Amino acid sequence: MRKYLSFFRIRFIGGLQYRAAAWAGVVTQFAWGFMSILMYKAFYNSAPESFPMEFSQLTTYLWLQQALLAMFMPWLFDSEIFDNIISGNVAYELCRPCDLYNMWFVKNAATRLANTVLRCIPIIVVAAFLPYPYNMSLPAGWVQGILFIVSVILGFSLLVSISMLVYISAFYTLSADGIKILTVTLIEFFSGAVIPIPFFPDSVQTVFHLLPFASLQNTPFLIYVGYTIGSDALISVAVQAFWLIVTLVAGRLLIKRAVKKVVVQGG
Amino acid sequence: MRLYFKYLAILFKSRMQYKASFFMTAAGQFIVSFSAFFGVYFMFDRFSEVDGYTFSEVLICFAAVLLAFSLAECFFRGFDTFPKLIKSGALDRILLRPRSVIFQVLTSTIEFSRIGRFLQAVITLAYAIPTSGVVWTFDKVMTLILMVVGGMGVYSALFILYAGISFFTIEGLEFMNVFTDGTREFGKYPLSIYGKGILGFFTYVIPIALFQYYPFLYLIGRTDNLWYAFLPLIGLVFLLPCYAFFAFGLSRYMSTGS
Chain A
373 MRKYLSFFRI
383 RFIGGLQYRA
393 AAWAGVVTQF
403 AWGFMSILMY
413 KAFYNSAPES
423 FPMEFSQLTT
433 YLWLQQALLA
443 MFMPWLFDSE
453 IFDNIISGNV
463 AYELCRPCDL
473 YNMWFVKNAA
483 TRLANTVLRC
493 IPIIVVAAFL
503 PYPYNMSLPA
513 GWVQGILFIV
523 SVILGFSLLV
533 SISMLVYISA
543 FYTLSADGIK
553 ILTVTLIEFF
563 SGAVIPIPFF
573 PDSVQTVFHL
583 LPFASLQNTP
593 FLIYVGYTIG
603 SDALISVAVQ
613 AFWLIVTLVA
623 GRLLIKRAVK
633 KVVVQGG
Chain B
94 MRLYFKYLAI
104 LFKSRMQYKA
114 SFFMTAAGQF
124 IVSFSAFFGV
134 YFMFDRFSEV
144 DGYTFSEVLI
154 CFAAVLLAFS
164 LAECFFRGFD
174 TFPKLIKSGA
184 LDRILLRPRS
194 VIFQVLTSTI
204 EFSRIGRFLQ
214 AVITLAYAIP
224 TSGVVWTFDK
234 VMTLILMVVG
244 GMGVYSALFI
254 LYAGISFFTI
264 EGLEFMNVFT
274 DGTREFGKYP
284 LSIYGKGILG
294 FFTYVIPIAL
304 FQYYPFLYLI
314 GRTDNLWYAF
324 LPLIGLVFLL
334 PCYAFFAFGL
344 SRYMSTGS
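Read top to bottom, the protein sequences are chains A and B. Counting the first sequence from 1 gives a position; our numbering is that position plus 372. Counting the second sequence from 1 gives a position; our numbering is that position plus 93.
Careful: at least some of the hints might be erroneous.
Unchecked claim - One side only, chain A facing chain B, incomplete, derived with CB under 7 Å:
(1) F415
(2) T488
(3) N507
(4) S509
(5) G513
(6) D549
(7) V566
Said to hold, decoys possible - EDC-like mimics (lysine to aspartate or glutamate), calculated; alpha carbons at most 16 Å apart, straight line:
(8) B:K177 / B:E267
(9) A:K413 / B:D144
(10) B:K233 / B:D144
(11) A:K628 / A:D455
(12) B:K112 / A:D471
(13) A:K632 / A:E421
(14) A:K413 / B:E267
(15) A:K632 / A:D450
(16) A:K375 / A:D455
Hints are computed from structural coordinates only; laboratory data are not their basis. No experiment lies behind these values; they were computed from the predicted model shown. Glycine residues also receive a C-beta, built at the ideal position from the N, C-alpha and C atoms.
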C-alpha cells in the first residue's frame with residue numbers, strides 16, 4: 373500500500389508544477405463555460421417551458437463541469453503507458469515488485485487530481501460570485517452534498533478504470549489510437565458532457581441509463597444541483613458502484629491474461 | 094506545387110502502412126462529429142427553434158463551419174506541432190533547407206484521418222441543402238462556397254497565429270483552443286444567439302462571424318443585402334496580420350540549441 377501511496381505522491385506533486393499551463397486552462401474553461409451558458413440561455417429564451425430543469429440548476433451543472441473537468445475529461449491519457457506497451461519497455465515495469473494495474477491506476481488518478489486541484493479553486497470562487505442565475509450555487513441540501521461527495525469519488529474511479537481498459541487494449545492491438553478516440557467519443561456523448569442527459573428525450577434517456585457512462589459526471593452533478601433526489605439518488609449511486617466493480621474486475625482479468633502471454637516487442 | 098503533391102503522396106503512403114489505425118481514427122473522427130450533430134438534433138427535438146432559427150437552417154451553418162474547419166485542419170494543423178519543433182530544435186534543420194518554412198510545415202503533417210470529420214460535414218450538408226428551404230440560385234450557391242473558403246482561410250490564419258505565438262511563449266497556448274476548437278463547437282449555431290458582445294468580438298477581433306453569421310443571413314433570406322455574401326472575402330484578410338506576426342516571430346527566432 374505504501375509504495376502506491378508514494379507513486380501517487382510523486383505524480384501529484386509533479387502535476388502541481390504546471391501552474392502556468394493551469395492558468396491558461398482556467399481562462400480557457402471560463403470562456404467555455406461562459407459560452408455554454410449563453411447558448412443554453414438562447415434556448416431558454418426561445419422556449420422556457422421546455423427546459424427540463426431550473427436555469428440556475430443548469431448553470432451550476434455547467435460550472436461544476438468546468439471546475440471538475442480535469443477529473444472527468446475522457447481524453448487525458450498517459451502517453452507513457454502506451455509507449456511502454458508498444459515499445460516493449462513494459463517488461464521493465466513487470467520486473468518491479470508491484471502490481472501493474474494498481475500502479476497505473478494510482479498514477480492516472482494522481483495526474484487528474486493534481487490538475488483538478490490547480491484548476492477548480494479559481495473557477496469555483498469566481499463562478500460563485502457571478503450574479504444569479506449565472507452563478508454556481510451550493511449543493512441543494514446537506515444530504516445532497518454528502519451524496520455528491522460519495523458519488524464524485526465513485527464516478528471518478530469509474531472513469532479511471534474505464535481508461536485502464538483502453539490502456540490494456542494496447543496489449544492486444546498495439547495501436548490504441550482508434551480505440552482511444554472511440555472511447556472518448558462514447559464517454560463524451562453518453563456521459564452528458566456534450567449535453568446534460570436531462571435534455572434528451574425520455575426514450576433516449578432510458579438508453580443512456582443502461583450504459584455505464586451515465587454514472588460518470590452525470591450522476592454526481594445531478595445530485596449536487598438537486599435534480600436527482602431521494603431514493604433515485606441512492607439508486608444511481610448504487611448503479612455507479614456496480615459499474616465500478618464490473619470495470620475493475622474486467623480490467624484486472626484482461627491485464628492478467630495480457631501479461632501472461634505478453635510478447636515483448638524489440639530486443 | 095509539384096513538390097507539394099509529391100510530399101502528399103509520400104505522407105499518404107506512410108499513413109497507409111498502418112491501415113487499421115488509420116481507419117479507426119477516421120471512423121472515430123466521423124463519430125465524434127456525429128455526436129456533435131446529435132447534440133444539435135436533440136436540442137431542437139426539445140426546443141424546436143433557437144432565436145428564430147430552425148433546425149435545418151442551423152444545420153447549414155453547422156455543416157459550413159465543420160467543412161471549413163476540417164479542410165483547414167487537414168492541411169494546416171501541422172502548425173500545431175510548432176511548439177514541439179521549437180523545443181526540440183528541429184526548426185533549425187527546417188530553416189537550413191532551401192524551401193520556405195510554411196511550405197515545409199505544411200508538407201510535414203497532413204492529417205488524412207481528418208477525412209472522417211470532412212465526410213461528416215459533407216453528409217450533413219447534403220442533408221441540409223435540400224431540407225433547408227433555401228432556393229438554390231446561383232448567388233446562394235456562391236455564398237455557401239464563399240463561406241467555406243472564407244472559413245478555411247480564417248481557421249488557417251488561426252493555426253498560423255498559434256505557431257507565431259509559440260515563438261514567444263509555449264505556455265498558455267491552450268487558450269488558443271477557444272478560437273479554433275471552441276468556435277467550431279459553438280459555431281454550430283449562428284453567433285448572434287450568444288448576444289451582441291460575443292458577435293461583435295467575433296466580427297471585429299477574430300473574424301469568425303464574417304464567414305459564419307453574415308453570409309448565413311443572406312443564405313437563408315434574412316437579408317437581401319448581397320454584400321453580406323462577400324464578407325467571407327474580407328475575413329480572408331485576417332490571414333495577413335497572422336502571417337505577419339508569424340514572420341515577425343520567425344525573424345526574432347533564436348535557436349534553443351540542442
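Out of the numbered hints, which ones does the structure contradict?
2, 3, 4, 5, 10, 11, 12, 13, 14, 15, 16
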